[in-house]
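*Asks:* Please build the complex by placing chain B on the supplied structure of chain A, with the hints as guidance.
So the chains spell out like this:
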Amino acid sequence: MAEAQAAVSARGGGGGGAPAALERGGLKADFPLLAHFGERLFGKKVRHVHAVDGVDLTVYRGETVGLVGESGCGKSTLARSVLRLYQPTAGSVKFEGREILNLPPAEMRRLRKDMQIIFQDPFASLNPRQTVEQIVGLPLRIQGVPKHEIRGRVLELLEIVGLPPGHIDRFPHQFSGGQRQRIGIARALAVRPKFVVADEPVSALDVSIQAQIINLLERLQEEFGLTYLFITHDLSVVSYVSDRIAVMYLGRIVEWAKTEDLFAEPLHPYTQALLSAIPTVERRGRRRERIILQGSPPTPIDPPGGCRFYERCFLKEKNETCRLVDPELVDLGNGRKVACHAVAGTL
Amino acid sequence: MLPDTERTINAEPILDVRNLRTHFFTDRGVVKAVDGVSFQLYPGETVGVVGESGCGKSMTAASIMRLVSHPGRIVGGEILFMGEDLVRKSEREMRRLRGNQLAMIFQDPLTTLNPVLKVGRQITESIRVHAGDDREDGGFFGWLRRLLDPSGRISRKEAWDRAVDLLRQVGIPAPDERMRAYPHEMSGGMRQRVMIAIALACNPVLLLADEPTTALDVTIQAQILELMQDIKEKRGTSILLITHDFGVVSEFCDRVIVMYAGKIVEQAPLDELLDNPRHPYTQGLLASIPRLGDKSHKVRPIKGIVPELHDLPPGCSFSTRCPLADEYCGRVEPELEEIAPGHLVACHKVDATAAGAKGA
Numbered sequence: 001m002a003e004a005q006a007a008v009s010a011r012g013g014g015g016g017g018a019p020a021a022l023e024r025g026g027l028k029a030d031f032p033l034l035a036h037f038g039e040r041l042f043g044k045k046v047r048h049v050h051a052v053d054g055v056d057l058t059v060y061r062g063e064t065v066g067l068v069g070e071s072g073c074g075k076s077t078l079a080r081s082v083l084r085l086y087q088p089t090a091g092s093v094k095f096e097g098r099e100i101l102n103l104p105p106a107e108m109r110r111l112r113k114d115m116q117i118i119f120q121d122p123f124a125s126l127n128p129r130q131t132v133e134q135i136v137g138l139p140l141r142i143q144g145v146p147k148h149e150i151r152g153r154v155l156e157l158l159e160i161v162g163l164p165p166g167h168i169d170r171f172p173h174q175f176s177g178g179q180r181q182r183i184g185i186a187r188a189l190a191v192r193p194k195f196v197v198a199d200e201p202v203s204a205l206d207v208s209i210q211a212q213i214i215n216l217l218e219r220l221q222e223e224f225g226l227t228y229l230f231i232t233h234d235l236s237v238v239s240y241v242s243d244r245i246a247v248m249y250l251g252r253i254v255e256w257a258k259t260e261d262l263f264a265e266p267l268h269p270y271t272q273a274l275l276s277a278i279p280t281v282e283r284r285g286r287r288r289e290r291i292i293l294q295g296s297p298p299t300p301i302d303p304p305g306g307c308r309f310y311e312r313c314f315l316k317e318k319n320e321t322c323r324l325v326d327p328e329l330v331d332l333g334n335g336r337k338v339a340c341h342a343v344a345g346t347l
Numbered sequence: 348m349l350p351d352t353e354r355t356i357n358a359e360p361i362l363d364v365r366n367l368r369t370h371f372f373t374d375r376g377v378v379k380a381v382d383g384v385s386f387q388l389y390p391g392e393t394v395g396v397v398g399e400s401g402c403g404k405s406m407t408a409a410s411i412m413r414l415v416s417h418p419g420r421i422v423g424g425e426i427l428f429m430g431e432d433l434v435r436k437s438e439r440e441m442r443r444l445r446g447n448q449l450a451m452i453f454q455d456p457l458t459t460l461n462p463v464l465k466v467g468r469q470i471t472e473s474i475r476v477h478a479g480d481d482r483e484d485g486g487f488f489g490w491l492r493r494l495l496d497p498s499g500r501i502s503r504k505e506a507w508d509r510a511v512d513l514l515r516q517v518g519i520p521a522p523d524e525r526m527r528a529y530p531h532e533m534s535g536g537m538r539q540r541v542m543i544a545i546a547l548a549c550n551p552v553l554l555l556a557d558e559p560t561t562a563l564d565v566t567i568q569a570q571i572l573e574l575m576q577d578i579k580e581k582r583g584t585s586i587l588l589i590t591h592d593f594g595v596v597s598e599f600c601d602r603v604i605v606m607y608a609g610k611i612v613e614q615a616p617l618d619e620l621l622d623n624p625r626h627p628y629t630q631g632l633l634a635s636i637p638r639l640g641d642k643s644h645k646v647r648p649i650k651g652i653v654p655e656l657h658d659l660p661p662g663c664s665f666s667t668r669c670p671l672a673d674e675y676c677g678r679v680e681p682e683l684e685e686i687a688p689g690h691l692v693a694c695h696k697v698d699a700t701a702a703g704a705k706g707a
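The listed protein sequences derive, respectively, from chains A and B.
At the far end of the first sequence sits residue 347, using my numbering, and the numbering has no gaps.
At the far end of the second sequence sits residue 707, using my numbering, and the numbering has no gaps.
To be clear, the hints were calculated from the coordinates, so they are not data collected in a lab.
What you were told as hints is all true, and nothing was included just to trick you.
Stretches of chain B that chain A covers, calculated by requiring three or more beta carbons in the stretch to come under 8 Å of a beta carbon on chain A:
#	region
1	563 to 572
2	587 to 600
3	622 to 633
4	637 to 643
DSS-like mimics (lysine-lysine), calculated; alpha carbons at most 30 Å apart, straight line:
#	chain 1	residue 1	chain 2	residue 2
5	B	Lys465	B	Lys504
6	B	Lys504	B	Lys581
7	A	Lys258	B	Lys642
8	A	Lys258	A	Lys28
9	B	Lys645	A	Lys258
10	A	Lys194	B	Lys642
11	A	Lys194	B	Lys650
12	A	Lys147	A	Lys113
13	B	Lys579	B	Lys465
14	A	Lys28	A	Lys318
15	A	Lys113	A	Lys258
16	A	Lys194	A	Lys113
17	A	Lys147	A	Lys194
18	A	Lys194	B	Lys645
19	A	Lys94	A	Lys258
In this text the structure is predicted, and so the values were computed from the model without any measurement.
Each residue gets a CB set at the ideal place from its N, CA and C atoms; glycine is no exception.
If we strip away everything but chain B, and leave its shape as in the complex, we get:
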């Protein structure tokens, strides 16, 4: 199952997700939002997770952060983060990890920032809660212990200065003034920069970015991608980028995972995936994107619609929309198999897809 790249030999993965299953128990049935997902992320690497709405890409990220809420639940698998299984961690241990080694930025900065607090307060809070002091347990005894032993605690002043510095690093002009602004006083791009500043506050080892630029205009998206590229190069942060946009992936990622209906259907290094896509779904996705300024390249849509997750077809989930599917595909579920170094595909017809591989 492991991709056979040189990396596996000389580096331990920072994140090793094994057979992760996150299900939602709804009135209409069990929704298998994430169903047997396995992948690795190596230090300094940027991996893109691509797929359409409802494919489980965001839920994969939420599971890693252990932010799956009722009626959803991680029902199986392991999430090894720096060798430790996050699935088994207590909520208290998770809280210590989140914002420290593990950080996340979301699509919509307006709903993730607190509208009634000035951004300065929100950043300093994050710094003070996480940095230096991991005895963040509440209650009287926690308070008493911190009071008796103030070492490792960051003063308000110090946290403020660090926050200003962070805002400067993420490219916010006049950071001193901006610290006193409320989120609604900022533009969308600014707010996303603040979110990134908060995420970076404690130097995370792994950054999960869930559609970080989807709500932004293209010129602002370019600014944010540039900023994230900078962070990646300067800090060596590993990034898991969740997106529906192949354009963003192709400018930003080293490796790509394509998801469909809760499962990984293809996984490959960026160039390999774009030049030689082998799953019919990946091929279909690439063929349905109009090319910039090129009208002669006709878009070819994938027929049909994404199936409901609580009512998936038997066998391969893509079989109902696949141009190559036959009776066998509708019966037996394909396994993810390695067809070239680091290139994994879950398709029975993988020998027949090479012809259609000229996707991009």
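Okay, chain A solo, but in the shape it has when bound:
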């Protein structure tokens, strides 16, 4: 396995000297909005949705990085651009030290063996007309595993994810939500990946089933030495599985921290509000301490200049600088990074 360049791990901070599995530089993913005929006729400028706008993300081998944020913050787009399921507009993505954004298709396909994804919706992400064998066997077929070996490998995978081998010829509709998610996991694991993006893998499941899947993902990580990028809006889940967490707001990472640090002392006002907004069993009766944010996030179509959280920020210190100057993600040491003028003392 190729070692990543030292430069990479030095920049990330949190992981000490561990080699980085994945690193990306100032990534941007923009989507053009389709203009009306009239607008095109008069040559109006095409507007863009800046789903991901200048994000740096480093994931070290064997760790789990949690990516949290509310809907529309760009977390799924970010994850998909990492896997090159979307082609980012600018920036770079390195996997084990190797730039992947300009890889030719054939090489990219070979690399996909190492990078897999688990999707949120176990209903929409499985082909209803294929059997479990076909679904889980597809990545194997693509990677050139001989036909006669596939069934055996699929049976093995079913056992790994805790599905009865007898169900190999069943169709997705014959399974419950949790079981379908297990099929999705088996498919992702089929090609023995090193890096797995889990995009809201438990959000569509009932709590008791959620816990089953979380435990399964943890066990698989230990068994196969997987590296996870775990995307979710559920902070309880992310705090449970992640070593480090990145908080996203409107296409940007606003805070980076080790999980314990983030929950012990959230620094960015958005993180503070997010954490205090979650209703939990442990915090009952302490409702009034909650920070209630006003309004909802602005649209990522041509977002405001300055701090993107400015409109909803509740800090007394906020001033003109915040409105006009876009805060940098400042490294506070010990793996902590925050993009806030008030915290970084650049007001």
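*Replies:* Only chain B this time, still in chain A's reference frame:
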């Protein structure tokens, strides 16, 4: 069967559901979505109904609103709302109640609001249909009676002003402008506020909220919960909150009902339920929630999957997943019994569950 709280002595329940049974007659068999559910809701109280998908919590609410659609049907029981049995009401009488004394908000405001009507029209319509005039019967004679005797009718202008006021109360900025917006022009949180405004239009005595914040982001969920708390305190509305989220319940409810496979398995005041859960299912649910920011607390999932409702195991429905179940549990169905004031549990092994009660 009645919980023995002080409330039963000095207040009549506003809602008294007795042995409610709502079944669906499908090709695959009879699905007992709600199977012998009994509970009471007292004035000003907020009761949470918790359970996983398919446990019958939403169908319980739909039955109370009499909104169960084919092939489902209420096959037995009583729903006493302010002393009157809703099960026996005609559709016309129900229509008069819904939106007046009885209101409901749903999970997804995008599918419950009419996409081709401006929200102002939808709110004023609700106000004009329900408020003041209960002779809403259609047809020529209804029209004639309203024409001959316009008293109690609300003018368009009046309804508009009331709607604007309602939008302001639910915290919508620039309500005048928002009245002219279509639902798709609003964010999810905004739309849910509009739904709440419509539900509150006629000052309901009882509000049924079916997963009102599930489709929303956490910061928006916090806003909506804050709003509902406000409504509860200011108007004294009784609320039945249907949710799968124990977090929401623990911040919002006075009492909790836990449902599993169409039945109530445990019911208790909030603190009692969280500190001393006694049904193995409740214990399992609480143990499977990860704690915020605490990795040392390992989640313990409930084994197995929720059984199909048309093919329930004999005896206790939870017996196939229960760590304590024995042969007796698989044969005889447990009754809901009161083990402490207001704390009801349906489990044969209730004496053995005290040890595992340290759920939360």
